[in-house]
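**Student:** Going line by line, the protein sequences match chains A and B. Letter by letter, the first sequence follows residues 1 to 327 of the UniProt record's numbering. Letter by letter, the second sequence follows residues 1 to 327 of the UniProt record's numbering.
Mixed in with the good hints there might be a few duds.
You can't tell identical chains apart in this list, so a pair holds if it fits in one copy or across any two.
[What the hints assert, rightly or not] Derived pair list, reagent style SDA-like, types lysine to any residue, alpha-carbon separation capped at 20 Å:
{"#": "1", "residue 1": "189", "residue 2": "134"}
{"#": "2", "residue 1": "172", "residue 2": "34"}
{"#": "3", "residue 1": "319", "residue 2": "134"}
{"#": "4", "residue 1": "180", "residue 2": "283"}
{"#": "5", "residue 1": "102", "residue 2": "10"}
{"#": "6", "residue 1": "36", "residue 2": "12"}
{"#": "7", "residue 1": "37", "residue 2": "219"}
{"#": "8", "residue 1": "233", "residue 2": "56"}
{"#": "9", "residue 1": "284", "residue 2": "142"}
{"#": "10", "residue 1": "102", "residue 2": "86"}
{"#": "11", "residue 1": "319", "residue 2": "166"}
{"#": "12", "residue 1": "102", "residue 2": "265"}
{"#": "13", "residue 1": "36", "residue 2": "275"}
{"#": "14", "residue 1": "36", "residue 2": "51"}
{"#": "15", "residue 1": "243", "residue 2": "157"}
{"#": "16", "residue 1": "159", "residue 2": "245"}
{"#": "17", "residue 1": "239", "residue 2": "184"}
{"#": "18", "residue 1": "284", "residue 2": "317"}
It should be emphasised that the hints constitute simulated quantities derived from the structure, not laboratory data.
There are 2 protein chains.
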Amino acid sequence: MGTIRLYDRDRIDNVIRLDTNLIAVIEAAFSNLSTKKVTMPPIMRIDVPENNGEVDIKSAYIEGLDTFAVKLSSGFFNNPQLGLPSANGMMILLSAITGEPKAIFADNGLLTDLRTAAAGTVASKYLSRKDSRVVGVIGTGSQARYQLESLVNIRPIDKVYVYGRTKENMVKYQKEMEEKLGLAVELSKSAKNVVENSDIVVTTTPSTDPIIHADWLHSGIHITAMGSDAEHKQELDTKVLEKADLFVCDVLEQSLRLGELRTCANEKVKEATVELGEITTGMKAGRLSDDQITVCDLTGTGVQDTAIARYAYQLMEYKEADDREGS
Amino acid sequence: MGTIRLYDRDRIDNVIRLDTNLIAVIEAAFSNLSTKKVTMPPIMRIDVPENNGEVDIKSAYIEGLDTFAVKLSSGFFNNPQLGLPSANGMMILLSAITGEPKAIFADNGLLTDLRTAAAGTVASKYLSRKDSRVVGVIGTGSQARYQLESLVNIRPIDKVYVYGRTKENMVKYQKEMEEKLGLAVELSKSAKNVVENSDIVVTTTPSTDPIIHADWLHSGIHITAMGSDAEHKQELDTKVLEKADLFVCDVLEQSLRLGELRTCANEKVKEATVELGEITTGMKAGRLSDDQITVCDLTGTGVQDTAIARYAYQLMEYKEADDREGS
């Protein structure tokens, strides 16, 4: 067996960027999902109820690729009381030729954060108006940051509205994002206010009740809902899906089970739903006109994990070759 | 996040022994399976058909324990052509309090081999005659070795019959085991010959057709079948199960789906089946007399993986403390 490499979060963070290269990698992953034979077993979940925790395991093998990833991600919701983050995670890259483990990314969820943000950007690339200038962000956590940081790669964003549960978190978000991205960030007094003012809205919450309602939507808006990924979560009122001219998801089966389609009883909406990979491959159309209302629901896929783990491994190899040359 | 420790096979092999301590750890795991609340999700399987490979992921969380394991094990059956072993694997030990990964055992399947052997010994401890002296081993692979090495801890074994597909492998097995354990190993000309001569028989093959038949069984025999762990495998003719006075398995649901009960149409046998943990806890009886015929089917459980990963972690901690003191 070859040597397994173990990379910690800092080392990964030093090498990978939320840039157009990464967005292209994730876009290709969605295309693979629609065109290649993908083995993506159902998510394995281990509940640890007495510690308010859960571990999810995802994987996907894409035919023809020489490696694939297995990802462990955990949420232990008593951790903040212990001064620790709730989320943890790691990815393991395996050879698809021999089964040998090649690398372990003890990334503590970093790669998941980045691939999720990049997926949001792929959705906006095909679904938002090209001249989208104003982004609305609901939530003030790490995805609220990464989604915005990724979006500026593909749209001429110059204004951000943010809404979160506490003023303190909103102010912190404002300060960080203005400094990091050089954008004007305005605090909103409601989710409604965010939606009404924005060209692109990204919802990044663990909400269990709808936080966006259909009568707030204006012509030309695009919404990416990336929060819902479990049987009890929901960010969009089902009427939002009905009102959309185009409703897109990453994986139909997952959206029906874990995402925004879960509570949707409207068969027409379900039948008309398009998977993002069908759009990135050109099999189906994305946004067709500036006045369409578009909505995308992202639940997260093992294919994205495999794509970013392969990409990170490649970056690490380049980095190590550079370091050897430089030394 | 604390530091994750990465242990390779050699380092693990230096510390862990197939001894009565390990057997006790695995026995306790079976007891846990019967008495504690165990979360053991269905096995996750990723098939890589074009490379004749598969990866299985198992896990089990036992209520009250502060850590649990996730195991990846792979079989890539073109590897021998590349000069590599088919099997690979690793275990990850996670905190059940915070979800943080604590250790990665890049053990290449060693811990699985050891826990499987120890499970066979737990079965023989409760099911074989106490005066069992002769062991019959069918198969000549790593489990054929480990099962025997483990059994000598609990029974006064002085004679071994082995049967495998090639004489070359049998001779190799004979030489290795005679040297390592100081036992007389005799090559058999058939599986029938092994069964007729032995007090305890262990089948360790990936057979897809029955290799043991009911009319070969004699009074007082115990058989442990540990080979079948998939929908296409079978080592025992179903009449063997019917002839047994006591048929035991590790997990009933798994034996029905992946083990020797899969092909059994006899409802009486299924109803009378006892789980090993029911016996180790004293809830049900093991062998009751010297003339009973007993059979145990082991398919492998995540509970054993969690038990051995926890134990290995403990041994590593002791070892590291010793090394620090010694330095």
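**Student:** Hint by hint, note whether the structure agrees.
**Tutor:** Evaluated hints:
For the identical chains of this complex, residue 189 and residue 134 are intra-copy neighbours only, at 17 Å inside a copy versus 80 Å across copies, given an alpha-carbon limit of 20 Å. Taking CA atoms no more than 20 Å apart as the test, residue 172 paired with residue 34 passes in neither setting, with 39 Å inside one copy and 50 Å between copies. Neither within a single protomer nor between protomers do residue 319 and residue 134 lie at most 20 Å apart by alpha-carbon distance, with minima of 36 Å and 59 Å respectively. Taking the shortest alpha-carbon separations for residue 180 and residue 283, neither the intra-copy value of 37 Å nor the inter-copy value of 64 Å comes in at or below 20 Å.
In this assembly of identical chains, residue 102 and residue 10 lie within 20 Å of each other by CA distance both inside one copy and across copies; the values are 19 Å within and 17 Å between. Proximity of residue 36 to residue 12 under the C-alpha cut-off of 20 Å is found in neither arrangement, the shortest distances being 28 Å within a copy and 40 Å between copies. Within a single copy, residue 37 and residue 219 get their C-alpha atoms no closer than 37 Å, and across copies no closer than 53 Å, so neither meets the 20 Å cut-off. In the homo-oligomer, the alpha carbons of residue 233 and residue 56 lie at most 20 Å apart inside one protomer (16 Å), although the nearest pairing across protomers, at 29 Å, exceeds that limit.
Proximity of residue 284 to residue 142 under the C-alpha cut-off of 20 Å is found in neither arrangement, the shortest distances being 32 Å within a copy and 53 Å between copies. Only between protomers do residue 102 and residue 86 lie at most 20 Å apart by alpha-carbon distance; the minimum there is 16 Å, versus 27 Å within a single protomer. Proximity of residue 319 to residue 166 under the C-alpha cut-off of 20 Å is found in neither arrangement, the shortest distances being 41 Å within a copy and 49 Å between copies. Proximity of residue 102 to residue 265 under the C-alpha cut-off of 20 Å is found in neither arrangement, the shortest distances being 45 Å within a copy and 44 Å between copies.
Only within a single protomer do residue 36 and residue 275 lie at most 20 Å apart by alpha-carbon distance; the minimum there is 14 Å, versus 43 Å between protomers. For the homomeric pair residue 36 and residue 51, the shortest alpha-carbon distance between copies (16 Å) is at most 20 Å, but the shortest distance inside one copy (40 Å) is not. Taking identical chains as interchangeable, the C-alpha atoms of residue 243 and residue 157 are never at most 20 Å apart, the minima being 25 Å within one chain and 76 Å between chains. Taking CA atoms no more than 20 Å apart as the test, residue 159 paired with residue 245 passes in neither setting, with 25 Å inside one copy and 77 Å between copies.
In this homomeric assembly, residue 239 and residue 184 never come within 20 Å of each other (Cα to Cα): the closest approach is 31 Å inside a single copy and 77 Å across copies. Taking CA atoms no more than 20 Å apart as the test, residue 284 paired with residue 317 passes in neither setting, with 36 Å inside one copy and 56 Å between copies.
Checked against the numbered hints above, the structure breaks hints 2, 3, 4, 6, 7, 9, 11, 12, 15, 16, 17 and 18 and satisfies the rest.
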